[in-house]
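*Asks:* The residues making up each chain are set out below.
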Amino acid sequence: MRKFTSDALVIFEIETLKARAWWPFYIMTIVMFPIGTLYFAKWLIPPGAEDLVGTRLMTGSLVFALGLMTVNNLAQIMLWERFNSTLKLVITSPVHPLSYAAGIIAFALMQGMFTALAVLSFSPIVGIDIELSWWLIPVLLLTSLSLTGLGVIIATWSPSQEVGNVMANMVGIMVTLLSPVYFPIERMPHWLRWVVRFSPYTHAGEAVDRILSGRGGFGMEVTYLALITAAGLGIGVAGLRWREN
Amino acid sequence: MTAALQQRSDAGTTLVAPAIHVAGLSKRYAGGTLANDSIDLMVPQGMTLGLLGRNGAGKTTLVRQITGELRPTAGSVHVMGVDVITEHTRARSLMGVVPQEAEPFDHLRPAEHLAFFARLRGMSRRDAARRADELVTMLGLSAHTRHAARQLSGGLKRKLLMGIALAGDPPILVLDEPTTGLDPHSRREVWASLRALRGRGHTIIITTHYMEEAEELCDEVALISGGRILLQGTIESLRAHCHNRFKATYEEDGNGRGLVQGQTSDEVLAELARRGVEAFSLSKSSLEDVYLELTAEALEA
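Keeping their order, the protein sequence lines are chains A and B. Going letter by letter, the first sequence gives residues 73 to 317 in my numbering. Going letter by letter, the second sequence gives residues 574 to 874 in my numbering.
Honestly, the hints are just simulated from the structure, not real lab data. Just so you know, nobody snuck in bad clues.
The calculated lysine-lysine pairs, modelled on DSS-like cross-linking and capped at a C-alpha distance of 30 Å, are: (1) LYS90/A - LYS730/B; (2) LYS75/A - LYS730/B; (3) LYS820/B - LYS857/B.
Source: prediction; values computed, not measured.
Please take these sequences and the hints and turn them into a complete structure.
*Replies:* Right under this line is the structure:
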């Protein structure tokens, strides 16, 4: 366990040092995309109707940005390292594949948390009152983690970097757009509600919205989210390909 | 044969496991291509073995199976008695590897690479930093400590990859064309480092296209062709398998250099006399001559 943690920390540090080399791009990624989605969503609703939409605007932007960015960042990092042969250096070292995955996921999560901070700090600027709670931290972490298993599978099984990039984008966008994160699930057709209940972002959206609006009663949603995340990570770990057949 | 098969140590009294023991190793890719076919290979501890063969002969496939990167279709690989297939992580802790196509992390500096990879091999932060400093000096990277890997030349990157393989000071080194792309000076610096490692008892497997490199560094060489090991032994013993063990070169009148080859020096001298050549240079066939003759025969067969 000690070796697992220590190796994951080394991988995390290696990734974190990228920010030293390319910090302007990291800041742009962390801030511009989520703020862009926030304003995009805001402009879609009629002027003066923000109160009717309330915290859903913030919730949607948070879940959309976190979900998409974490899966995307994770997959892009792993794809780059795999197809540009830096991963070979790790594979030929005595590192367990899960340590590598944990280090990369931790880095993607850190970016996700900065993204969340950027979105939340914009709430006064877009004129939306939100309630902050410590519960937000585990819920946002679970939101980020929920589809990372899928990101790992895409990155380790894609036949090329290009295919992997497209897959990561498509999956992230499709799952997020199909999930009711900018609006309540009740607005969806009945048949689709059954489908989207399997999406972690459906439960993330509901939980985050209840926290931000101070309504409470999000325990069941967090439980669902945790279960789907655990299942997703389990599938990701099982599907992680390290050695070639 | 299994990894329990033992090798007699220099002292002749104790028995130790061979550094690398490959038995019946085959690799058939999904498309049906047979890259390796029932390879048996034994590398005693402390030996430097060169793997020679044409492009596509199966050298890199064999190396990747030894390092555990590639799962074999059949056969077994043991390093220091540890099964590479079932005890993958433990086996890798015994090997430092320079893969043929690996790239360092663009954004990391040389000492950062070396320290991180030393930590991945179980060193503490402090020991890893010390080891990184040693390797930076040993590999002649001291003038580039402030440069990120993306700013290094191809040769310096190869040196850095060597350093990464050495980071944990493993007993076995597997080097897949480690000096490709290096200038002659850098190549000789790497050779000097490898000689020093040999002197300290490391076991080294090296694939190379440079015959001079194999002659310079290797105790034994193995010739690979068509996914099989044709021959393994000292260069002298391989020479014994050749038809042409001796050669003489001489200046021809306006026609460049002439060449005479033969199984014995007498045979070569007789031919030179028949041609009326008085000034010539007589030598044993080089490893390159041996390699060309034996691999050509294998291809014809």
